[in-house]
Amino acid sequence: MDALIAPLLNGSAQGALLLLAALGLSLTFGQMGVINMAHGEFLMIGAFAAYLVQQVITASNLSIPVALPVAFVVAGLFGLLLEVTIIQWMYRRPLDTLLVTVGVGLILQQAALQIFPSQGVPVEKPGWLDGQLNILGYEWPLRQLFTILLASVCVAALSAWLKYTSFGRRIRATVQNRDLAETSGISTRTIDRLTFFTGSGLAGVAGVAASLIGGTNSQMGAQYIIPAFLVVAAGGIGQLKGTIIAAWAVGVALSYFAYWTTGSLAQVLAFILVIVFLQLRPQGLFTVRTRSLA
Amino acid sequence: MTKPRTTGPKPWISLSGIGVFAVLLLAVAPLVLTDHWLNNLGKYCCWAIAAVGIGLAWGRGGMLVMGQGVFFALGAYSMAMHLTLETAGDRIPGFMVLYDPLAPLPMFWEPFRSAGFTLLAIVLLPVVMAGILGYALFKRRVKGAYFAILTQALAVALATLISSTIRETGGDTGLSDFKYFFGFVLNDPANKVMVFLIAAGLLIVCLLAVWQLYRSRFGELLVATRDAEERVRFLGYDPANVKLVAFVVSALMASIAGAMFVPIVGIITPAEIGAAASILMIAGVAFGGRASLFGPALGAMAVGWGQSSLGSTWPEGWTYILGLLFIVVILFLPNGLSSLPSRFPGRTRPKPDVPPTPAIAAAELEEVRA
Chain Z
1 MDALIAPLLN GSAQGALLLL AALGLSLTFG QMGVINMAHG EFLMIGAFAA YLVQQVITAS
61 NLSIPVALPV AFVVAGLFGL LLEVTIIQWM YRRPLDTLLV TVGVGLILQQ AALQIFPSQG
121 VPVEKPGWLD GQLNILGYEW PLRQLFTILL ASVCVAALSA WLKYTSFGRR IRATVQNRDL
181 AETSGISTRT IDRLTFFTGS GLAGVAGVAA SLIGGTNSQM GAQYIIPAFL VVAAGGIGQL
241 KGTIIAAWAV GVALSYFAYW TTGSLAQVLA FILVIVFLQL RPQGLFTVRT RSLA
Chain W
1 MTKPRTTGPK PWISLSGIGV FAVLLLAVAP LVLTDHWLNN LGKYCCWAIA AVGIGLAWGR
61 GGMLVMGQGV FFALGAYSMA MHLTLETAGD RIPGFMVLYD PLAPLPMFWE PFRSAGFTLL
121 AIVLLPVVMA GILGYALFKR RVKGAYFAIL TQALAVALAT LISSTIRETG GDTGLSDFKY
181 FFGFVLNDPA NKVMVFLIAA GLLIVCLLAV WQLYRSRFGE LLVATRDAEE RVRFLGYDPA
241 NVKLVAFVVS ALMASIAGAM FVPIVGIITP AEIGAAASIL MIAGVAFGGR ASLFGPALGA
301 MAVGWGQSSL GSTWPEGWTY ILGLLFIVVI LFLPNGLSSL PSRFPGRTRP KPDVPPTPAI
361 AAAELEEVRA
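Heads up: the protein sequence lines correspond to chains Z and W, in order.
Numbering follows UniProt numbering, in which position 164 of the first sequence is assigned residue number 164; successive positions increment by one, without gaps.
Numbering follows UniProt numbering, in which position 120 of the second sequence is assigned residue number 120; successive positions increment by one, without gaps.
Isolated chain Z (complex conformation) (with noise of 0.2 Å):
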């Protein structure tokens, strides 16, 4: 029982952290067509402002809620600095976006490693994070729960937010139908500009409960950017309920691939299993129905 639990719920937390990194990039792509390959790095800048609070609050216990939204604020405003300073006069070229933004990622990585200790730095687990769950014999740790819990809420925020608010209905638009957004009286530079700090904010978000599980370090963004995006290419774009469940079934996956095989193996087998799945829905699992070509 032990060996068919373990890796589901393992699994879960896994596609949780890889929802939360995932959601930003949907974000962005589903709207802008820009595909922010610092996105990973924008994780790691929310991991280390999670180092950096516990500096200012020592008490571990208080210093990871309020590290939270300033993770989210600070990865945000990376965001938005990156779109202001660059993106915006790239939006003709997607392609070509995802070059500059690799160009970024490298300078941010690089900053990181000279700015803090090349190994990496210590985040203090809170200690009510510390215990375990007993599930049907397996000890679960809280922290992977807290995991889970966490995308859980950024996700009924996120589309609370998308549904309800008028920011929401604007971005809602300007993703169905740009032009026709931008006729009605919205500006889409505006909205575009508040989706790029939103999408890294939650990526900033992802950092803090990502520096829970792992390491953090200047290479913890790298290992994040790629199944995200396989994440995003296999739930298909614009949409929420495709990312979240492609996330799940990434996670999972991975999870009994590397218990089954090896760690190494388990990658090569998930990047197999999203081929063969856009071979049955090449635009993800869920798609906004257009009358395009592609």
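These aren't lab readings, by the way, just hints derived from the structure by calculation.
Errors might be hidden in some of the hints.
From the structure, some residues in chain Z lie toward chain W, with a derived Cβ separation under 7 Å [to be verified]:
hint : residue
1    : 96
2    : 98
3    : 106
4    : 229
5    : 264
6    : 266
Glycine residues also receive a C-beta, built at the ideal position from the N, C-alpha and C atoms.
Given chain Z, work out where chain W should sit, using these hints.
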């Protein structure tokens, strides 16, 4: 829609350019350069071969191949396995004995004892793999950023796989200490010159091949597919086939590059083929000019020089330079250094508010809208 220059105004200009390049590499360089620099130049030639392939797939075909390290690895590890076995003779290769002295040679190593099989593998492995991957993706119309990230994911996966199979592939330390190259002693300076000449010669051959491709109907079809895939489809062609051919040829070039990299550099590790290495290959192509004939090769040589000189003496600075290179070149000079001459006054200068490559930009805009 304006058609970008597919060939120079007169074909003999490009051809004589290749001629000059060939004389410089094959005749002048071995006479002028010291052994050390000739070896370095050989390494840059390998990166340039891979870059020519990327120029074909990305510059002309619009497929951003971010995982050429995979095909580079197929060629490099095929060659390295053969050279390792040649050096080891009848015994089990040294690094394998370290981990488990009694275990036999892994099954997939056995055929690489044969020189003929190795050469065949260097050509066929990338063709088959790129063929299957490309067919699966292009037929389902997977393109743009999806295609780019999937290729990069493959590079990450392969590098991780190699890192973790220490007994079979040498893991992170890779394969090294080759003594013989198809019967020739690698330490001999004369043989080193020969290996360099093979690499440089292959680069010239690849340049000639893409020069011919760019002039052919296929070259025009490839550019047409890049700029307006739907129109090509409506004209009765299958864009998937066009892209597939370009992708397979570029994979083959990457594999050849990898195969020559091994005897020249003397070591192959997962670090040379992973995501970072694949991105480095892109950097050279972007810098030189993705759609031009010479741009990718010269750009790759320049970036290769930066990587091996600055990258070792001043690694922090080199990473910043590389990052800035991506940002500045892509933002301000999407067609790389090769587009500089046409930006000077006197020639046709693009209007400031229009991107320098209206064709590419318009096509991609359509893609976003679609």
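Do the hints match the structure? See the list:
| no. | hint | verdict |
| --- | --- | --- |
| 1 | 96 | holds, 5 Å |
| 2 | 98 | holds, 6 Å |
| 3 | 106 | holds, 4 Å |
| 4 | 229 | holds, 5 Å |
| 5 | 264 | holds, 4 Å |
| 6 | 266 | violated, 9 Å |
Hint compliance for this structure: hint 6 is the single one not met.
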